[in-house]
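Q: Protein sequence lines correspond, in order, to chains A and B.
Each residue of the first sequence is one higher than the one before, starting from 1 at the first, in my numbering.
Each residue of the second sequence is one higher than the one before, starting from 242 at the first, in my numbering.
Hints are supplied without guarantee of correctness; some may be wrong.
List time: in silico SDA-like cross-link candidates among lysine to any residue, alpha-carbon distance up to 20 Å [to be verified]:
#, chain 1, residue 1, chain 2, residue 2
1, B, K646, A, R157
2, A, K19, B, S381
3, A, K107, A, T187
Treat the hints as calculated values from the structure; they're not laboratory data.
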Amino acid sequence: MQSVHIMSAYDEELKYLSKRIAAMGGHAERMVEQAVAALVNADPGLAQKVIRDDVVLDEGQREIDDKSIIIIAKRQPMATDLREIVGAIRISADLERVGDLGKNVAKRVVAVTDGRQPTSLFRGLEALADLALTQLKEVLDVYASRSVDKIGFVRDRDDQIDAMYTSLFRELLTYMMEDPRNITPCTHLLFCAKNIERIGDHATNIAETIYYIVTGEQMPTERPKSDKTDKIGLSAALPSK
Amino acid sequence: MTDLNAEQKGTAQAIAARLWNSRRLLAAGVVAVLITFGFAGISAYALVPALLLLLAAAILPVTGARHAAESAGAIEAMGLQRLSGEYLAAAVADPLIIFDQAATIVHANAAAFAAFGGIAPGISLPLKFRAPEMQALLDSVLSGTVASDVVDYTEKLPVERAYRVSASSVGHGTDLYVLVFKDQSEARRIDRMRADFIANASHELRTPLASIAGFIETLRGPARNDPAAREQFLQIMQNQTGRMARLIDDLLSLSRLEMKPYLKPGTEVDLRQTVDSVIDSLGPLARENNVAIERDFANGPLDVPGDRDELFQVFENLLENACKYGQSGGRVVVSIARDDDGSEPGIDVTIRDFGPGIPEEHIPRITERFYRIDVETSRTQKGTGLGLSIVKHILTRHNARLTIKSEVGNGAAFSVHLPAH
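Model the full assembly from the supplied sequences, consistent with the hints where possible.
A: Given below as structure tokens:
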């Protein structure tokens, strides 16, 4: 896959970096998955575990930063190698953010599940999380296979996530209008939804970084308009009847 | 040189085998010669050389056969030695991946390709299987602390799957390792299915059940002697029980789909024929709703890998929806077109109605279980709120995409993109 260097230790170092990224990615995926599961199943124990696990990602990011800087200093990398190393720094930063967002969802579990909420409230959030996690999984799969020609799916799914988020936003607003007692859990859920939507954005960032690592060019920048929640006012959220 | 030897050996074997096969005939020959000589009363001097001759002929095939048997044994032993790992891997039904000391994939069998996709020789395993438990498994086997190890590994997306994964080193000093995935999804899912089924069913069955209970109370009380009201109430109760039955059918079919782990590779579906039979089967419903179904199929073969029964269910659900909810448009267009540009070449099946359309904010959500745009319309059309979740589930298993385009007032188009290979 990667070209071979005369110093095999150099290859080892680069391989170690990508292996570390993959481990961080797996960890971030697991955290988000468990955070959403804790929310839907009202499981504060699992939420606590997610909050504790975040340390691993912080640690991972610090290690990748250190290792990358040492490699740059020692080996004076060029071209692909340099992109690989700078890319690793950026991807690890994105993954660390994904972990933070997952942790934030986990922190809200207790507040949301305080009074028993109907499951229909969570169904949309679960679907949104599925989309974002699929995005993250497929992007990290591309990091493994380096087949950037298939990276077009990222844009499509980004649109789907935004549309889903907008729809969820609207739904939660109507619940709040129906009954003021819904305001507390719905506000927390709104933040959870926003966090998950941000996870999708970080996955897209990672996809752009991978594209840059492999091709040496920036991914074409016509990023489509994001979600439309900024346009939803009171009148739009009210049922039209 | 070796070729020549092999050829000679081959001819010798063929002759020996022929003689061996005719050994009974030879024995019969000996007896016949003896009898003939005996009856003819020829002297022993002539008999002995004749018998010796036959004996020599009889010995020859016996030794030949021993040769053949010995060489067959040698081939067998050599065959096991030389058996290619690829053939062995292909014969294993579970996903199997062979990897080297650097955790790079050396070979993956067809089952592994079908289950995971995106794996090819040269790809690094820890980059593909990122779950913390898989990382630990690979580390422990590659570092040599243990010869083999087993972990439970679950994948949530795109379809939930649970595996028991075992990793071990192969042979002595080969520096190769093997990873075998034993699918445990079924056992896991049966548990989950039971819980999900009960939760969904109890929630959704409660409404019709409450209404039936209410009507029974009315029938026994105030409406006891009112035949007109009784008739009307019984009709409503019948509708409600019908709805409960449909709901249970749909829930079961969704649960059954979730049980199947992944699609078997190698089966092809003729979309033209499948869609045609869907249209035929929904003819009565279309006539009832005064909807004309128009076909617009591309020429040439329209085959994709997939499961016919499942895809039939997809198009049946979509077409049924189009006929019911797009009724006011008066027609539905079913088109099949080849889509060769884009990252994934394949075939698009589009079902377009000209009804009231779907408001934009509902489009991303309508494949969720029990999500209804308008509860009343759904009830009158005998919908269960599960049709599109079934569609979505089947399509996920086919690596296919469902695209929904709609504008309020201009109908809706449900487009299924099935990848060619």
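Q: Each of the hints needs a verdict: does it hold here or not?
A: Hint-by-hint comparison with the structure:
| no. | hint | verdict |
| --- | --- | --- |
| 1 | B/K646 <-> A/R157 | 15 Å, holds |
| 2 | A/K19 <-> B/S381 | 15 Å, holds |
| 3 | A/K107 <-> A/T187 | 14 Å, holds |
Violated hints: none; the structure is consistent with every hint.
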